Amino acid sequence: MMVETAGWSVLILCSGIFLWGAWAAAVDRRPPFLAPALTGALSLLWSVAAVVLTVRFINGLGATTAMTDRFPWGVWIGLIQAGVAVSSGGYVVAATVHIFHIRRFEPVLRPMVLTAFLGYCFVAASLFIEVGRPYRLWHPIAMWQHHSIMFEVAWCVTLYMTVLALEFAPVVLERFRMHTAIRVMHIILMPLVIAGVILSTLHQSSLGSMFLIVPQKIHPLWSSPLLPVIYLISSVAVGLAMTMIASFFSSKAFGRALDASLLKSLASAAGLVLGLYFLVRAVDFTARGAWTSVLSPAWLGAFFALEMGAGVLWPALLFATAKSLDDPRRLVAGSFGVVFGVTLNRLCVSWFGMVPHTGPVYFPSSMELIISLALVAAAVAAFALAARFLPVFPAQDEGHARPEQAPRHAPLAPPSSLRSAKGPAPQVPAPEEA
Amino acid sequence: MPEEISRRHLLGRTGAAAGLLMLGARRGAAEAPAPGAPDAPAPTASGGETPSVLVDLTRCIGCRACVRACQSANRLPETEAGALRTAGAGASQTAGTDAPASWPRQELAFDLWTAVNLNKKKDGNGRERSRFVKQQCMHCLEPACVSVCPVAALYKTEAGPVIYRAERCIGCRYCMVACPFDVPRFEWNSGLTPVIGKCQFCAQNRLFRGQGPACAEACPTGALKFGGRNNLLFEAHARINARPETYLPHIYGEHEVGGTSWLYISDIPFEELGFKRDLPKMPLPALTWDVIDKIPAIVAVLASLFAAVSLGLKRGEKSV
Ligand code: SF4
Ligand code: SF4
Chain A
538 MMVETAGWSV LILCSGIFLW GAWAAAVDRR PPFLAPALTG ALSLLWSVAA VVLTVRFING
598 LGATTAMTDR FPWGVWIGLI QAGVAVSSGG YVVAATVHIF HIRRFEPVLR PMVLTAFLGY
658 CFVAASLFIE VGRPYRLWHP IAMWQHHSIM FEVAWCVTLY MTVLALEFAP VVLERFRMHT
718 AIRVMHIILM PLVIAGVILS TLHQSSLGSM FLIVPQKIHP LWSSPLLPVI YLISSVAVGL
778 AMTMIASFFS SKAFGRALDA SLLKSLASAA GLVLGLYFLV RAVDFTARGA WTSVLSPAWL
838 GAFFALEMGA GVLWPALLFA TAKSLDDPRR LVAGSFGVVF GVTLNRLCVS WFGMVPHTGP
898 VYFPSSMELI ISLALVAAAV AAFALAARFL PVFPAQDEGH ARPEQAPRHA PLAPPSSLRS
958 AKGPAPQVPA PEEA
Chain B
420 MPEEISRRHL LGRTGAAAGL LMLGARRGAA EAPAPGAPDA PAPTASGGET PSVLVDLTRC
480 IGCRACVRAC QSANRLPETE AGALRTAGAG ASQTAGTDAP ASWPRQELAF DLWTAVNLNK
540 KKDGNGRERS RFVKQQCMHC LEPACVSVCP VAALYKTEAG PVIYRAERCI GCRYCMVACP
600 FDVPRFEWNS GLTPVIGKCQ FCAQNRLFRG QGPACAEACP TGALKFGGRN NLLFEAHARI
660 NARPETYLPH IYGEHEVGGT SWLYISDIPF EELGFKRDLP KMPLPALTWD VIDKIPAIVA
720 VLASLFAAVS LGLKRGEKSV
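Top to bottom, those sequences are chains A and B. Count along the first sequence starting at 1, add 537, and that's the number in the working numbering. Count along the second sequence starting at 1, add 419, and that's the number in the working numbering.
Hints were generated in silico from the structure; no laboratory data involved. Since the structure is predicted, the reported quantities are computational estimates derived from the model, not experimental observations. Just so you know, not all the hints are guaranteed correct.
To give an idea of the interface, some chain B residues facing chain A are shown, with a C-beta separation under 10 Å as derived from the structure [said to hold, decoys possible]:
| hint | residue |
| --- | --- |
| 1 | 591 |
| 2 | 601 |
| 3 | 604 |
| 4 | 704 |
| 5 | 709 |
| 6 | 722 |
Here chain B is said to cover these stretches of chain A; the calculated rule only asks that three of the stretch's residues, wherever they fall, bring their Cβ under 8 Å from a Cβ of chain B [stated by the list, open to error]:
| hint | region |
| --- | --- |
| 7 | 586-599 |
| 8 | 602-608 |
| 9 | 635-642 |
| 10 | 731-737 |
| 11 | 748-759 |
A virtual CB, placed ideally from N, CA and C, is assigned to each residue, including glycine.
Okay, chain B solo, but in the shape it has when bound (with noise of 0.2 Å):
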């Protein structure tokens, strides 16, 4: 029943792409799992642990397969940029050499879940460096998007995956600022249905059912690889150790904002590649939630001060 997940024809000016459905809405209402209540199955595909995926930067040529299955599999529409890819130049191209000329940059939107781009940087001799980077939700173990999200419309499902279900989204798009990778985009010429799309991990449609994410799936370099994220990171630890001379001792995720279900690996420094940097380790929604399990107590300290001042100042007033 995957074609049953909850979707919404496309409003406004995507019109265009009529036909074209998107994971999220309407009838999602009954069948998204509420908060608390228990998800869908504990994906098989990963062994019953965080569902992952880990990415090699050295091994992506920048074929953007990924990109054209995320858009079948969740009925996004085919960007000209992937169609292009397709007729253009073939995947015979290696990694970090130039892309051609007429190979179109990809922008996330709210119906392109994900992106690949040729990401070029000089280095201290002049020299240029890059690396194709593969942009989605990282999929964060403590999600600042979710925190933030007055209805519940983001929702960190208990398998892993952080999914969005339009039919909540009020569109305040406090989601968009809070993510610390900028992931989170919006509809912006919707004139009354705008929604926020964001990759789902393939979540309803796949890996509830046991399968791995369609991007992972379609990478035909082994860049992408879906796992447990545990055996993930023993993975790429592996990996650096065989080759130090190569990789770089980091595992973009494996830290950042308190970790996330996307990993990356690369020999080229993240900060060159366009990531974020300086990202703090600890998870963001502590930041908040520090101060909002405060106001209950807030709430009975003043409520009590105020009505002692109150009344106590209200009898001098009177016995005066």
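Okay, chain A solo, but in the shape it has when bound (with noise of 0.2 Å):
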């Protein structure tokens, strides 16, 4: 009970200080005490997941998380299917440059190949702790049992951080000045993309398929046969909305100029995609005769409505506001919605949706939040310190950097701390704002 106690303490503490700091962020302001509350909330965030941890290894899942026979799958299942369509913006922004030729996104793709990587970097991780025996993780890449949905997620899961990292690759090399590298990867550079491409067009639309097979248990507001579309497409949406957020933090962070005709065109192919999935939704809610079950249980209904309006109607609609179109602060705070939308229908396949076939057994325990937080965290800490280090913007005023060109360096600040991702000023006011 203490420990309960301490454990979510430290939670809304370090996730309080958090939120402060990314909006902060987002206002431009930088209050004083931000950069060491932000250090801070960090290490304690850190230091108690080491400790939960470390108990995890030693006495068991079951000594950590809220999981028991009658609930296998807690939150961390839901949360790494968000962390892989949160991710989805890689092989989306990848697609659109060197599959459909739209150069105008070159400027994003290098931070979304990024962003893509450290999510699937979370995932892993995840993964990693949440599975029993996680030293066998390369058993499916062993152990072929083609019928399992599972096992073709671990193959392109697999295969997909290996083509993020070589279509990330060109960056480090860059910084090295390793040419011969560098071309050898542009050759590489066109299968590579598309070989991604097909694989997250894969597992995105499997991770939907791994509840195909317990359509009993799930609720009828999210059991379908067309749940490997409705991930799919969600993802892309999804994919969209992380582009824009991408943008819009680093060009604070940074001090970079914002392309708000880049945010403008991201927005309306976001809006179309969630148009899409609002129709597919709805299609299918009529065709398997799921409305009348929107009401029982009430509180399943209310998760529903609130997916479908904060997470996919008032986005769509922001993004197809021609005012809200010109102030990146809207379009960002829609893509907010897009993420949360598609977390939280994650979250009700996996979760909220077993509740009434299950009863009310499971809630997670805060060690199992912590964990999530403390990774998700590292992420965000892991793209702060790419960006600096390496050449992931493009120079400013130079919309098409080339990989052959030398190497230059995001922004100036002294290397010492991750302060400048989280509560930064920025160096150079945004144009269209000036």
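Relying on the hints, combine the two individually framed chains into one complex.
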């Protein structure tokens, strides 16, 4: 009991500080105590998480999580699925730039590949903690069982992480001026991108297919034969949303100009995808006659309304109205709505939607959430570090960076802390706000 | 060579039960049949048919002899409940009467592969209806657990029983989610070497050597009857037809999720006894196979599409 109280306090304190930091960054403020607060929260969170991890690997999942035989998959599975979805920016932008040759989007390609790679690192790390025997995670590669969706997902994720690492390799190579290697990378880029997009299509949808085998266990609001399609379309939407979020915050963090027209196109595309998504869900609902179960039980109906309202309709509306298209902050707010909606959707499929079947037997322990928050924080911190030390963002006023170009450092501040990623003030005011 | 069958020491908290061994690990790699490879000899015990057990709920007296037989045949730790039962009010109890207050509920666990519990339910007239119900893996004819397991740790032997090979298991627990009967259980308190536990139909230690499962052999009342599936279905129908005023005309397991090796007949509706209802009649693995089946085609189409688009647009870009 005491442990749980302490755990929840740490959790609330840390997430509060992180939210404060994100807010401050979004509105261009820099409150004096923010930086030390963020450093403190990170150290606290990571030390507590280290303790939790130790307990998990000594006394087992039962000692750290609220999962039981009656509820064998908890919040981690939902967040892992959401993590994969949120990392879809990598393949969406890669396809746009390299397959459809819409070069305008090239400036956001590298940041999105990096986001995706780190997102998958979050997923891999979570899985490492979640499965019973992480040192056997390679087993699906050696012991084939091709009837299993999980087997397919394991292969796709492993291969796609490799693809992402290769796609990001030129950035590192540039930094160290390894020109021959860069030229080689340039040649294999196209097949690599195509492979990445196919792998993503497959496993983004397969994460939904994983739940096809339990139609009787999931509430009709989320149990559908179209789950793979629903997962795939929503992953594209959230990929575009993440691209907007990443562009916005990196422009803040690194004092770069925000390309407003790019953001606008992203928003329009996301709006279209959200519209399609809504259509598919509505048709699916009607075909299955699921509207009748919207209110039984009511709390699930409310979750559904939240998912569709805050996560689909509201952002779609924002992205479609001319007024908000000119206001990056609104677009970013809408993007957060999409991320929230997709995360909630994944949690509903794998967790909330199961509750009518299992009964109220599971609520995550604070330790489960501490681990997840610590991993998310690590991914964000890694992004900040990479953006600082590697040529992730194109040089200012130079839309089309070519791989052969000399490496540039993303601005300037001494690489001493994570501060600037969290609570920065822009060194250059973004032009559209000036 | 029954004792040579793969097993491991239980670790962690169950260390108190050190010396207890469990089916299914470490040395199993060499011994367990690989998928596709010919299995152990066809079970002569069931006359070459799919080995099955028919459970007649009207005959069960809740003595839990089957549970204890399972524990000793599979070297599982003896539970408190099993022990209590030995000492407590004996097998004189008749079906349907209330159990003594000291009669503790058993839950299936990674180290308790079968459980017998009293299920009570008030009927429409306020009359209490109850039966003892034995739970264990149903050994589905087309098991969902096997189809979802990414490493074939759960494996349907050619003879029929669904067995678990711990040396492959990664502990992802997808089997627990997928099983329509919520059978597989996980060793939650092991830090690094957790296993899944479920009934193995005594496959390697008894069945493949010509014996029926230990529980059926131990049952003193004939509530459990081991045999070939078709024979048992025939017998079940015969019992129902002989006493239609007693039995309900439903053999649980005949059609549920495509059929199971364990079959139940009862005089009280199954859903009142905690059996899962509304299970589809079709085998569940088909639901995912329908999708997996299409993956090669999807890959081929996407690959050619993307290659064409990308090359075509690139050429266009250059000529502009
Ligand atoms: S009852 Fe569950 S564990 Fe047993 S074979 Fe069927 S799906 Fe597998
Ligand atoms: S927990 Fe083990 S047996 Fe169950 S699906 Fe995962 S790998 Fe297979």
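- request: Quick one: see if chain B covers the region 748-759 of chain A, three-plus residues with Cβ-Cβ under 8 Å.
  value: holds (count 6)
message: Would the hint on residue 591 of chain B be counted as holding, given a Cβ-Cβ threshold of 10 Å to chain A?
response: holds, 5 Å
- prompt: Going by Cβ atoms only, is residue 604 of chain B closer than 10 Å to chain A?
  reply: Where the cut-off is 10 Å and the nearest Cβ of chain A is about 5 Å from residue 604 of chain B, the hint holds.
message: Quick check on residue 704 of chain B please, does its C-beta sit within 10 Å of some C-beta on chain A?
response: Cβ of residue 704 of chain B sits 7 Å from chain A, so the hint holds.
task: Check, residue by residue, whether the region 635-642 of chain A contains three or more positions whose beta-carbon lies closer than 8 Å to a beta-carbon of chain B, and give the verdict.
output: holds (count 4)
- request: Mind taking a look at whether chain B covers the region 602-608 of chain A? Criterion is 3 or more residues with CB to CB distance under 8 Å.
  value: n = 4 at 8 Å, threshold three: holds.
task: Three residues minimum, CB to CB under 8 Å: does the region 731-737 of chain A make the cut for coverage by chain B? Let me know.
output: Coverage by chain B holds for the region 731-737 of chain A (3 residues, Cβ < 8 Å).
query: Taking the closest Cβ pair, is residue 709 of chain B under 10 Å from chain A?
result: holds, 8 Å
task: Would you check whether residue 601 of chain B satisfies its interface hint, that is, whether its CB is within less than 10 Å of any CB in chain A?
output: holds, 8 Å
task: Check whether three or more residues of the region 586-599 of chain A sit with their beta carbon closer than 8 Å to a beta carbon of chain B.
output: Per the Cβ count (7), the hint holds.
field: Restraint satisfaction for residue 722 of chain B [CB to CB of chain A, less than 10 Å]
entry: holds, 6 Å
In terms of the numbered hints stated before, the structure departs from none.
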